[in-house]
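Once you've looked at the hints, dock chain B against the given chain A.
Residue numbers (the numbering used here), protein chains in the order written: chain A, 1 to 499; chain B, 1001 to 1281.
One or more of the hints may lead you astray.
Claimed, not checked - Think about it this way: if two alpha-carbon atoms lie no more than 25 Å apart in a straight line, the pair counts; the simulated DSS-like pairs of lysine-lysine are:
#: 1; chain 1: B; residue 1: 1195; chain 2: A; residue 2: 425
#: 2; chain 1: B; residue 1: 1016; chain 2: A; residue 2: 312
#: 3; chain 1: B; residue 1: 1054; chain 2: A; residue 2: 279
#: 4; chain 1: B; residue 1: 1195; chain 2: A; residue 2: 236
Derived by calculation from the structure, the hints in this document are not laboratory data.
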Amino acid sequence: MQQKAVYYKTFDMEMQATGLMNTYKLGNSHYDEVFKRINEPKSHYQPIVECFNQLSISDFERINNEVKTAFFNQGITFAVYSDEKKPDERIFPFDLFPRIISNEEWTKLEKGIIQRNIAINLFLDDIYHKKMILKDKVVPAELIFSSKNYLKEMDGFSPVGGIYTHISGTDLIKHIDGEYYILEDNLRCPSGVSYVLSNRMALKKSLFDLFNKLKSKNVYQYPEQLLEVLKTVKPKNVDVPTVVIVTPGMYNSAYFEHSFLALKMGIPLVEGRDLYVEKDFVYMKTIHGPIKVDVIYRRVDDEFIDPLCFRKDSMLGVPGLMNAYRAGNVTLANAPGTGVADDKAVYHYVPSIIKYYLHEEPILNNVHTYHCEDPSENKYVLENIDKLVVKPVDESGGYGISIGTTLSKEEIEEVKVKIKSNPRKYIAQPIMSLSVHPTFIEETKEFEPRHIDLRTFCLMGKNTEYILKGGLTRVALRRGNLIVNSSQGGGSKDTWVLE
Amino acid sequence: MEEYNIEYIIENRYEKPVRSAYYQLLVIPCINDWQHVKEVKYFCSGNKEMHTSKNIFGFNTLSYNVREAFNEFHFRLEAKVIKPLMNPFYVSPLLPYSEFEMLYSINFQIDNHRYLSQTKLTQLPAILNCTFPCYSNEIQVFDYLLQLNNYIYNLLEYSPESTNINTTVEEVLKIRKGVCQDYAHLFISICRLNKIPARYVSGYLNQGVGFKGTSQLHAWVEAYVPDLGWVGLDATNNLLADHHYIKIAHGTDYCDCSPIIGVLDSSGLQRSIHSVTILNQ
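Isolated chain B, as found in the complex:
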């Protein structure tokens, strides 16, 4: 059993007063079989309550609507999360050809279309400048995912500030550099190309064990293994997601999981600081 204390802070400062704003935050750890949320507290500047609602994937968002002028927006989240120890090395219940048959059945593809269709961010270029490991009916999906994880880990160079949140897979393949969301997007797009459903996951990563991508929110993927379910993989660290990974939400790509989106009525520049602390007790 691992217990984490998570603190997530946003400080936005605006050069000119913001006349009105609508923020939506997706930062609360979710609850599932592998994650128990013991306590959640959040605070924000101004004296209005934040409103909780479910997004289209069923995750809790916080929204905040201000219609009086302000210059600063602060937000702080504190959460305690308990995770059981996990050994994420799975044994697939099906033989390779049965897995393949399932992935290629029309009903399966229709039911999972959301995680099989490429998005603007995951769209691959027509001509690839590298050869990805190939999925076939002779290999187990789980083994394939491990190969792909390792391949992407080696293909890209981890380099903060080389990309941003709008960087597409096509651009990442050109520069061969990126951060966690680029690793995740590339992983997702190759899986989808091979008809393996894959989704983007945002969350917190334990800062105590020397992984990459812990200074901000982290991103990894979940891919679907027939009859086993969704398996978490982190190509940035060439690891399987285990008890060190605290999930917030998943979606088709980064756009479904951005920690904060806002619509502001303002003309000036903005400075924004996000900070994350994840302590393992």
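Next up, chain A with everything else stripped away, as it sits in the complex:
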């Protein structure tokens, strides 16, 4: 910590750097991932900074344009939803300067993420069976039973291998102290992995020499590993399982990813209307007649998967699917009802959950969380909204978040009213100082510091775990913006974990 203070003191020294990184100015209030001080990169970034410094701005722009064209031609896009308009299809902005994580740093991250996800899985199994953690008052029972994501359909049901969260997307940030913090656990249908693979392909092509020099860990096995994990949770009495992906359809914001994964795994991509349930078995309609389906990687939210059981108006689901699931004739990944554990109010308890089930100290930190439901914390939150981030507990994708420092007086009052009307629905956290990373800004034709976070991907099957070596580094492209979600105008970087 002391060492870092020294680095920051030197920021004001104007040193003449060479080449492309010449004009990069470090922010002095954030942790810079790349530079210790001006023109002095951290050791694991040394080769890439040297390489970039040999390029001129016009070289770099040329490569940048090539990559953009390639993304556009491949249809690597996502849709943004706003209230009034039709979805707006955009290219996912990609930055050529990769984020690099040293092997040592990654080893700790990987352990921490696996520890967390194993504990969360045990927690889900417990709250849908014996509920010991609630009886021991480690987690308040009311918090669980009042969650709209706690499904009575799952109470007492045991999924194959005891696995609920086959795929989880843990989000992390690095704070000014240089430590990683868990931002949230995404346990429903986390997306982004297709961008990780597309980014890697694009970068490997355009920065081939550099890539070979640095030796980063491979990410291409992910689809294969995902398929293996899905096969481990096949229903009993099935020999070679038929695995499919269910998508809500081409208007879904992550449709590109659904089709990408289906293609890479070599499995059918279907919509709800392509499936039907007969005598508690699921079948896929094909031109060769019906084919029984055994494992479904569903990218449709819980409430839409079975109109007979959940939302009656759902056009995306398969009537009777939950009957087939509960009869043990088909596996759904992720299991329904996992959302109760990535509720932002439950997030606060994850360190206690890890200690309770694993009798270990959590390897990765949580961000301190205030519960608006708790009267004393509620009081603190209402008095300090300008210093806090307020989040609804059950939304994802960065929707509904208010960041205290950016709010006007009127907006602060509005947030107060929202919290008072439904305290269970909101949590607050101190504004974390997300680390920054040099990012190429097209308007200024310069590298500027931009805030980043990291989404990791962890797979859990019957007696098997796999973690993608790297992840999706999301970058907030607007200066000073802290929300990195693609739906909020963020971009991404390739993430290299060094061998």
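Quick look at chain B alone, frame taken from chain A:
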């Protein structure tokens, strides 16, 4: 010993052809200590077999999946059920304060959370416009349930067609009218407010003795009396459920017990007739 012949008929007619459908029916009387099902037969239009599966509360449902166009759906259930004569006036084994202690213990509440959490249909308004009898540690749960039964019976006016299956307790309290499921929902919501587990019951009611609610499927409740178990009460008739009540299923509210739910691919209107005959031999 009472023996009942039950007949339940559904006739759905559709204005435009239905291209595909998935129906799920919850109409077969269940088997328990107070109910012996001697015979069950069911028929439906089309030439496909119906499939039996257990719902999340362990009750048998019938499902039927059609993927050829049709205009009508008919269903008929015939069942013979035998019930021993019951005297439903119970004596609680525990003293009031022990009952209270049990209801308010955290482990008990967690184990019974399903029947203690309000649902969309049973949620009470923030401000009540009437005063319900109050449960305390000085009164036996069973006596309290009798008081509540009587109170709701007198509070609401039985009035078919004043409400529908989506009517919430909040709306019922405004209009003070309703049918059996409204009486049941209100009963359940007051019990849950007092931490007494309560569940919705659907079933058939003997048509021979002049009770209310016999022209269709009936609804009543079961509430939990510590160390005694689930006790059936019917606020619509201010009675305890005895050998005249033939249970199909229970759940957290009407939605868990609807006799028929279906997902249809069709654009037109539908006309639906349900009829029930329960004869006591």
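Hints, one by one, checked against the model:
Distance restraint check for residue 1195 of chain B and residue 425 of chain A: the Cα-Cα separation of roughly 24 Å lies within the 25 Å cut-off, and the hinted pair is therefore satisfied. With a CA separation close to 20 Å, the supplied pair residue 1016 of chain B and residue 312 of chain A stays within the 25 Å bound. In summary, the hint linking residue 1054 of chain B to residue 279 of chain A is supported, as the alpha carbons are separated by about 12 Å, within the 25 Å threshold. Proximity of residue 1195 of chain B to residue 236 of chain A is assessed by CA-CA distance (about 41 Å); at most 25 Å being required, the pair is judged violated.
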